[in-house]
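Undergrad: Modelling step: build the complete structure from the supplied sequences, incorporating the hints.
Chains as they are written, first to last, in our numbering: chain A, 7 to 381; chain B, 457 to 801.
Worth flagging that the hints you see were computed from the coordinates, not collected in a lab. In this text, a Cβ means the ideal position worked out from N, Cα and C, and glycines have one as well. Among the hints, erroneous ones may be present.
[What the hints assert, rightly or not] In silico DSSO-like links for lysine-lysine, alpha-carbon gap of 27 Å or less: (1) K472(B) x K376(A); (2) K465(B) x K321(A); (3) K376(A) x K465(B); (4) K465(B) x K249(A).
[To be verified] In silico contact screen, one side only, chain A against chain B (beta carbon under 8 Å); selected entries: (5) S30; (6) H34; (7) H36; (8) F37; (9) Y38; (10) H40; (11) Y95; (12) L327; (13) I339; (14) T340; (15) E341; (16) L342; (17) V379.
[Claimed, not checked] Here are a few chain B residues that sit away from chain A, every Cβ distance over 12 Å (derived from the structure): (18) K465; (19) D502; (20) L507; (21) A509; (22) P524; (23) I594; (24) D610; (25) G625; (26) I763.
For reference, the chains in residue letters:
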Amino acid sequence: MYLKTALFSVTLFALQHIVRLIYSLGYHLHFYQHYPGPCRQFPEIEFGSGNFYTLPDGTTFITSGLDMNVFSRRFQLHYTSQGVEGAIYVTNLNSSEAVLRKLDIIVEIAAEEGGFSLETFHPHGISVWFDTTEGHHSLFVVNHPTRADDRIEKFLFDPATFTLHHVKSFTNPKLRSLHDVQAIGEDSFYATNILHEHRSRFFMLLELFSLMPWSSVILYTEETGYSEVVSGLMSATGIAMSKCGAFIYVMLSLGSQILVYSRGEDNSLTLQQVFPLYTHPDSAVLDPVTGDLFIGAHPIAHQYINHVDNPAKHKAASQVLHLRLTEGNITSITELLYDDGILISGSSAAVVYNNTLLVGSSVDKLVACKVNVPI
Amino acid sequence: MDVFSGSFKHYPGECKKVKGARHGSEDMTWTHDGLVFITTGLGIPDVEKHLLATGTHGEIQLFNFKDPGAGVINLKITHRKEFDIVKMRPHGITLLEDRVKGEHILYVINHLETEDRELVEKFRFSPSTRQLTHLKTIELDSSFFFNNIVAFADDQFYITNFAYMPYKGVLYHALINLFPIKLGSLHFYNGTKSVAVTESHATPNGVALSPDKRFVYMAASMEQTLYVYKTYKSNAQLSLVQKIYLGVKGDNLNLTPQGDALLLAVHPVFYKMVFHLLWALSPECISPSSVLRIPLGSDGLAVESDITELFYDYGELISGSSVAAAYNNQLLIGSVANSLVHCQA
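TA: In structure tokens:
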């Protein structure tokens, strides 16, 4: 009798979990396309423009050539056969016809054991810190080096020669399956772990589909080292900071939420607002002029999962959201763009500067649209 | 019922409510020089109570795209005593455009619920006095409920029979909106009587005619489908040439002035629309609004892959959008019982 009850309960539990999963994959969803104005694709980028950071003068850094150790074999084969390389591009959105430039990366320390190597460089999240005393820009980039643990790379930007000098690598067991980074100082940052598992694809898929909340936010400062400031999240992806550094925004993709934290003196994070999103946000880019947030999102999850497995065959719907903030809290949300995946697949980042909307994708194109609608 | 549906808001430009709109703006018909005739005062429960309480009735309003700031004005109707203007509850509207003198002929569906009659009123517009003269009343079979109308020729029009409704009560309306039973069809009135010219559909709603009168477009709400029919000289039966599943419940259809696209107003979250129709004047019962642009090819068929969502609102600016018209980079959006919105692209 007890065995029957136990079996029935387990079956019911498994059933509701499967239904929840199927629902969150979005097979029932359909939306119509719309754009803020005429759009064009950048011919230079074929394989990803996953994350952005925009400076107050319109200079925007774009990471390209994403690959993660937990991606599928089919994806890795496609990546190597197409000769894709990890790279960082820069563009200036201030000019009417934004032109893309690939940055040369100079490695100070040779690629010895654990050192930085361009061959294994697969950039993801990016954040820029402007040091007012030294007058230089430090770029913090999430790197998924081939067959090694995820880490954060630090580069110094030389605007005269458009080069990046690699200065430091940040590694630690607390940095698991990294997604994004937010610089808070010359040598300090927050980083998001999208998942706990970072080596085995099988366990990664298990963790993903079990919907276990093992995602977290890690803080690193020179004084306090690496610490887990927020834990128990459901796939945290993008992380952004408000203009004055008072608030931290964490995107939960599978959790379909945005968490707003207020930042303490000691860099601790206190939850201030939970904003339900009903879509899956990837990264948030701060508008350096207005302080608003622009989000690249994946509205139909199953399309994105298939797209990242086989980009040549599957398209994924893209969506750009514009969030307005009041005293740190999100108070309004508008959809700037929706595309069925034909113009751009798997939008992961977006920013509006000077009436131009730049939309980036995880492993697809880079698109610029004129913004003819009120922002 | 769209319980799990919902999208994010976006506008094609600067959108504002239009002055002078009070009891909704269920349907619109337009002229090539920017005039729009709008029906207001459809007798849904809350609105009907308000109309009786304030001693007002359904009206036909005029909006001018060339002067959007002026808002809408109620058109004065000169009529014989037999026409009971107090009981007027207009629904669909269409016109036969007079491009020479501007004396357009309007046909308006009028539901006389108190007497259980379904009528189509014929008016002539006088551009000099900006008044309507009531010409005649066409009586239709009252066991049906008619929704939208599009003029074909003088005293000839296509009219959507929303459902077979021998009993026009709120409960019956609610049932029709819950279960997509095929109780309606598209009718053609040939001057003397109206006959069904298509097979049965569940709640046919909006109807539009291509400029060359060769194609009839019809949106069936509960079926979430757009039907495209080809007309023949006799207008006896239409033949179906295209069927597009939209996935949303469409309301009224209008062509763009250039004839290159259809504008379909939709109710994206239908269960909210059901509550809105029952308690239209309650601020909590708002319903999201959306307008789709369905481009038409040179062959008269709709281009399904290029359908764009022009407008989406959560219901705060406009609730329950039922119709849209475009002119010269402007969009006018009407609702069943809520505001009238003008967007400047």
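Undergrad: Hints first: check each against the structure and report whether it holds.
TA: These are the hints, each one checked on the structure:
no.	hint	verdict
1	K472(B) x K376(A)	23 Å, holds
2	K465(B) x K321(A)	24 Å, holds
3	K376(A) x K465(B)	19 Å, holds
4	K465(B) x K249(A)	25 Å, holds
5	S30	11 Å, violated
6	H34	7 Å, holds
7	H36	5 Å, holds
8	F37	6 Å, holds
9	Y38	4 Å, holds
10	H40	5 Å, holds
11	Y95	28 Å, violated
12	L327	6 Å, holds
13	I339	6 Å, holds
14	T340	5 Å, holds
15	E341	3 Å, holds
16	L342	7 Å, holds
17	V379	6 Å, holds
18	K465	6 Å, violated
19	D502	29 Å, holds
20	L507	35 Å, holds
21	A509	36 Å, holds
22	P524	16 Å, holds
23	I594	37 Å, holds
24	D610	38 Å, holds
25	G625	33 Å, holds
26	I763	6 Å, violated
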